[in-house]
Amino acid sequence: MVGIISYGAYIPIWRISRDEIARAHGSATMGGERSVASFDEDSLTMAVEAGLDCLTGMDPKEVDALFFATVTSPLEEKQAAAMIASALDLRRDVLTADITGTLRAGTIAVKMAMDAVKAGSAKKVLVTAADSRVAVPSSDLEQIFGDGAAALLIGEDGVIADIEGFSTVINPIPGPWRREVDLFPRRFEAKLDTRYGYLHDLPTAAGMLAKKLNLSPKDLAKVAIYGPDPRSILGATKVLGIDPKTQLQDPLFSTVGITGTPHALLMLVAALEQAKPDERILCASQGEGSDAFVVKTTEKVEELKGTRRGTNYIKSKMMLPSYARFAAFKGVLDTGWPSQLPEMPRSPVVKYWRDEKAILPFYGMKCKKCGEVSYPIGRICMYCGEKDNYEIVKLARRGKIYTFVHDYLFGPGNIQPGDGINPATKAAVDLEDGCRVLMEMTDHDLKEVKVDMEVEMTFRLLHERAKFRHYGWKARPVRG
Amino acid sequence: MGRITDKVAIVGTGVTKFGEIWEKDHEDLLVEAVYEACNEANVDLRKDVEAAWVGTFWTFSGVAGDAFADPLKWYGKPITRVENYCATGMDAVRNAAYAVASGVYDIVIAAGVEKILDQGSRGLPDLDKMLLGAEVTLNAESAPAMFAMAAVRAFKEWGWTKEDLALVAVKNHYNGARHPKAHFRREITVEMALKAPMIAYPLGLFDCCAMSDGAAAVVLTRPEIAKELVGDEYATIKAMGLAVETLHPFYRKDWTGLAFPANVKAAEMAYKEAGITDPRKELDFGIVHDCFTITELINYQDMKLCKLGEGAQLIRDGVTTIEGDFPINPDGGLKCFGHPIGATGCRMVAELTRQVLGRAEGLQVKDAEAGFAHNLGGPQAVAIVGIVGRPDWKPGEK
Chain A
1 MVGIISYGAY IPIWRISRDE IARAHGSATM GGERSVASFD EDSLTMAVEA
51 GLDCLTGMDP KEVDALFFAT VTSPLEEKQA AAMIASALDL RRDVLTADIT
101 GTLRAGTIAV KMAMDAVKAG SAKKVLVTAA DSRVAVPSSD LEQIFGDGAA
151 ALLIGEDGVI ADIEGFSTVI NPIPGPWRRE VDLFPRRFEA KLDTRYGYLH
201 DLPTAAGMLA KKLNLSPKDL AKVAIYGPDP RSILGATKVL GIDPKTQLQD
251 PLFSTVGITG TPHALLMLVA ALEQAKPDER ILCASQGEGS DAFVVKTTEK
301 VEELKGTRRG TNYIKSKMML PSYARFAAFK GVLDTGWPSQ LPEMPRSPVV
351 KYWRDEKAIL PFYGMKCKKC GEVSYPIGRI CMYCGEKDNY EIVKLARRGK
401 IYTFVHDYLF GPGNIQPGDG INPATKAAVD LEDGCRVLME MTDHDLKEVK
451 VDMEVEMTFR LLHERAKFRH YGWKARPVRG
Chain B
1 MGRITDKVAI VGTGVTKFGE IWEKDHEDLL VEAVYEACNE ANVDLRKDVE
51 AAWVGTFWTF SGVAGDAFAD PLKWYGKPIT RVENYCATGM DAVRNAAYAV
101 ASGVYDIVIA AGVEKILDQG SRGLPDLDKM LLGAEVTLNA ESAPAMFAMA
151 AVRAFKEWGW TKEDLALVAV KNHYNGARHP KAHFRREITV EMALKAPMIA
201 YPLGLFDCCA MSDGAAAVVL TRPEIAKELV GDEYATIKAM GLAVETLHPF
251 YRKDWTGLAF PANVKAAEMA YKEAGITDPR KELDFGIVHD CFTITELINY
301 QDMKLCKLGE GAQLIRDGVT TIEGDFPINP DGGLKCFGHP IGATGCRMVA
351 ELTRQVLGRA EGLQVKDAEA GFAHNLGGPQ AVAIVGIVGR PDWKPGEK
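So the sequences go chain by chain: A and B. The numbering used here numbers the first residue of the first sequence as 1 and each following residue consecutively. The numbering used here numbers the first residue of the second sequence as 1 and each following residue consecutively.
Be a bit skeptical, because a hint or two may be false.
Said to hold, decoys possible - Okay, the calculated bits of chain B under chain A, using three or more residues with CB under 8 Å as the criterion:
1) 199-208
2) 251-261
3) 391-398
Unchecked claim - The calculated EDC-like cross-link candidates involving lysine to aspartate or glutamate, where the alpha carbons are at most 20 Å apart (straight line), are:
4) A:Lys400 <-> B:Glu233
5) A:Lys400 <-> B:Asp254
6) B:Lys253 <-> A:Glu386
7) A:Lys450 <-> A:Glu432
8) B:Lys156 <-> A:Asp388
9) A:Lys450 <-> B:Glu157
10) A:Lys218 <-> A:Glu303
11) A:Lys368 <-> B:Glu233
12) A:Lys467 <-> A:Glu76
13) B:Lys156 <-> A:Asp430
14) A:Lys369 <-> B:Glu157
15) B:Lys253 <-> A:Glu432
16) B:Lys156 <-> A:Glu448
17) B:Lys162 <-> A:Glu448
18) A:Lys357 <-> A:Asp388
19) A:Lys366 <-> B:Asp254
20) B:Lys253 <-> A:Glu454
21) B:Lys7 <-> B:Glu233
22) B:Lys253 <-> A:Asp433
23) B:Lys253 <-> A:Glu456
24) A:Lys366 <-> A:Glu386
25) A:Lys111 <-> A:Glu76
26) B:Lys156 <-> A:Asp452
27) A:Lys276 <-> A:Asp162
28) B:Lys253 <-> A:Asp452
29) B:Lys253 <-> A:Asp162
Keep in mind the hints are simulated off the structure, nothing from the lab. Please read these numbers as outputs of a predicted model, since none were measured by experiment. For each residue, glycine too, the CB sits at the ideal point set by N, CA and C.
Whenever a hint applies, use it, and build me the whole structure from the sequences.
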């Protein structure tokens, strides 16, 4: 049976307390905290992180298709999935697709993955879902939203959970929506959306599935369901007839917020992390209708435990000091990075294309004569001078700081004069394979950066020169 | 391999006031320096000078031979523009010197100019554009960041501190306060340096040289012609060493930050050419590239004035003050002159000449007969060392 082979997740390190958001506006707080994508993160980079987590210990070359589900792709015309596939070092003949336009995109991607596997056109399909939504400042959504990503590897061999069934219902009700020219999603009437959309569609899809599989609410160990807000989720549990205390998977509202497209999958990942064999979990999303599917865990669910970071990312966090920093990270407050940069007469985009292997999947070279690993890739070994006698090798993802600087002149992306907020920390990092690279650092506390500090590579937006989004790798302190 | 020792004489020097010179452009500055040098050398630019080398780092300070031809309206002559990072100015002198030594030309000019302030005063202009345009694969760093990373290692390995760095700034500001052409002519205290804003941690404002405009020029000829022009009032070039290393040292695991390979090689070349085995005993003083205070301390070591790790001890012991055993940067260095890149090395050669001819009023090194000048450019990528002395100076212990 088609099922889930592996899972992964990603939550950015930054949090802001809802009290601080409320304080900035003089409004009421919903309590708890929400996650915030850093200024150099977006749904594409978070999908890479969740994908990496999901593929830990696996050969990325075995993946046959990659789907990227989001309503916040950083690119209107350009497929994010192809870049994600390159960053994850997948094969060149994989099927890639951005699945977007609805918060239901994550579960749609799961269905498409299942169908591809069933049809025999793919053995393993990686589903990534990520969102970094921006809400109107001071609106309730600003407190409700959170940023994050989830990933599932779908296939037939070695599954940790069978997908027993899948049901869909569509319902093109008004909200939420966002036109191409809008930064913020709009709602016509939240109560209408909840009553005639969410609380109608999700139970409908779940009910269709329960009938098909002949299941009753007590058969479910957990339910992992999206909701536009925590109160609506509780409302849904009532309609579904499940006990919110024992059966509802933590909706992650107090720690992360509602992440949008990835949310149901993120809750599913959290449920799978705790699940015992032979347990059923309902996963359901909603957006212009609803998708529901039920998984039943196998013995193998135990084997994956502890091998993925998954929702442990929630525990590893740093608090944003102020609402202003939050607003800058979300692009609501323009700090001049990268919008105010002088135009560059020469675009590095060609080089970005030419050196893709060095930039996206992060390969270096290993000299066949002296054996040294170096970066970037050139015809002549920088250590022994040997010409045209090397192999390209994937660089290690971890290392130690040899030395570093907090550069107040060049900001992130070597941008002058910086982002106006932070100095850019750069570190000469000795990777575990012996290669030394100069990396920008991110997600760090300036005071904690030290020689010999352990760091790991993280995929980020480097800069936006020539109006092209240049992605690549940075170093961050190893997240606990 | 041949030697340049005593084959080339410096007969004239011209140096503009360095600083924020808003009212003059790069052409005005170059004209000022070149005419001053010709005047001192008793040569006529249009009648006597046969060829010129001009150093400009940025294209906005002049490109091609026209960087010299147009300001001076000196057309139809062999002129070459030189660019070699912060070694640009001294490399113009080096190329001009070899042309004289070859016997092809009798009298030549080496000059350099940079007009930085017009492009903005917050850090070197356009570096990010250059680095990013060429090397999207690689991360880059601002100029102070390149050396801050060495300071972090020196602090870790040898226990050097920010106070040690501050001592360098205090010493150079003391000297610069006495030089009429310096940009900064104010003494500072250790406390001021330590309290200054951070530029590239751990380097603060006073650890960094200024952003300045300026130009310099020297007239070179063969010693026998020098005597006709200026009598005994000339110096000779004893050696010129130049070494180029990678632009991306932070991608090499053999980069330690404790010694700069280009420095070490350029110094070895120059000392060998001049016949020097112990520079601390045989030379009288030095002018090193103190783009940042940490650079000066590491330069002490690379220039073989002390052993590895002992650089900070020299400044603590006062060895390198103008009254010390081996004065370094008696002019105030880049700390006080700033670093208009094309001009700097050329200015240093002029400064060496002034010192060995006893013309450095107010900051004269006692009994200066020979000294070295040094530049280190880019991320420690290019180093040049020139040794200049009185015509009769010979290596060996004093």
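These are the hints, each one checked on the structure:
Here the region 199-208 of chain B counts 3 residues with a CB under 8 Å from a CB of chain A, which clears the bar of 3, and the coverage holds. Requiring three or more residues with a Cβ within less than 8 Å of a Cβ of chain A, the coverage given for the region 251-261 of chain B holds, as 6 such residues are present. Only residues whose C-beta sits within less than 8 Å of a C-beta in chain A count toward coverage, and the region 391-398 of chain B has 0 of them, not enough to reach three; the restraint is violated. A distance of roughly 57 Å separates the Cα atoms of A:Lys400 and B:Glu233; the hinted pair therefore is violated under the 20 Å criterion.
Straight-line distance between C-alpha atoms of A:Lys400 and B:Asp254 comes to about 15 Å, which keeps the hinted pair within the 20 Å bound. Note on B:Lys253 and A:Glu386: the hinted pairing holds, with a Cα-Cα distance of about 17 Å set against a maximum of 20 Å. For the hint linking A:Lys450 to A:Glu432, the alpha-carbon distance of about 17 Å falls within 20 Å, and the restraint holds. Note on B:Lys156 and A:Asp388: the hinted pairing is violated, with a Cα-Cα distance of about 38 Å set against a maximum of 20 Å.
Of the supplied pair hints, the one linking A:Lys450 and B:Glu157 holds, its CA atoms being roughly 13 Å apart against a limit of 20 Å. Between the alpha carbons of A:Lys218 and A:Glu303 the distance comes to roughly 26 Å, so the proposed pair goes past 20 Å and is violated. At roughly 59 Å between alpha-carbon atoms, A:Lys368 and B:Glu233 are farther apart than 20 Å, so this suggested pair is violated. In summary, the hint linking A:Lys467 to A:Glu76 is supported, as the alpha carbons are separated by about 13 Å, within the 20 Å threshold.
A threshold of 20 Å between alpha carbons decides the hint, and for B:Lys156 with A:Asp430 the separation of about 17 Å falls inside it, so the pair holds. Among the hinted pairs, A:Lys369 with B:Glu157 is inconsistent with the structure: their alpha-carbon atoms are about 32 Å apart, more than 20 Å. Restraint check: the Cα-Cα separation between B:Lys253 and A:Glu432 comes to about 12 Å, which is no more than 20 Å; the hinted pair holds. A threshold of 20 Å between alpha carbons decides the hint, and for B:Lys156 with A:Glu448 the separation of about 15 Å falls inside it, so the pair holds.
Restraint check: the Cα-Cα separation between B:Lys162 and A:Glu448 comes to about 19 Å, which is no more than 20 Å; the hinted pair holds. Proposed proximity of A:Lys357 and A:Asp388 is supported: the alpha carbons are some 17 Å apart, at most 20 Å. Between A:Lys366 and B:Asp254, the direct Cα distance comes to roughly 16 Å. Compliance with the 20 Å bound is thereby established for this hinted pair. The straight-line distance between the Cα atoms of B:Lys253 and A:Glu454 is roughly 17 Å, inside the 20 Å bound, and the hint therefore holds.
At roughly 16 Å between alpha-carbon atoms, B:Lys7 and B:Glu233 fall within 20 Å of each other, so this suggested pair holds. For the hint pairing B:Lys253 with A:Asp433, the CA-to-CA distance comes to about 11 Å; that is within 20 Å, so the pair holds. Distance restraint check for B:Lys253 and A:Glu456: the Cα-Cα separation of roughly 18 Å lies within the 20 Å cut-off, and the hinted pair is therefore satisfied. Straight-line distance between C-alpha atoms of A:Lys366 and A:Glu386 comes to about 11 Å, which keeps the hinted pair within the 20 Å bound.
In summary, the hint linking A:Lys111 to A:Glu76 is not supported, as the alpha carbons are separated by about 24 Å, beyond the 20 Å threshold. Taking the CA atoms of B:Lys156 and A:Asp452, the gap is about 11 Å. The hint holds against a cut of 20 Å. With a C-alpha separation of about 13 Å, the suggested pair A:Lys276 and A:Asp162 falls inside the 20 Å cut-off, and the hint holds. Taking the CA atoms of B:Lys253 and A:Asp452, the gap is near 14 Å; set against the 20 Å cutoff, the hint holds.
The suggested pairing of B:Lys253 with A:Asp162 is violated, with an alpha-carbon distance near 48 Å, which exceeds 20 Å.
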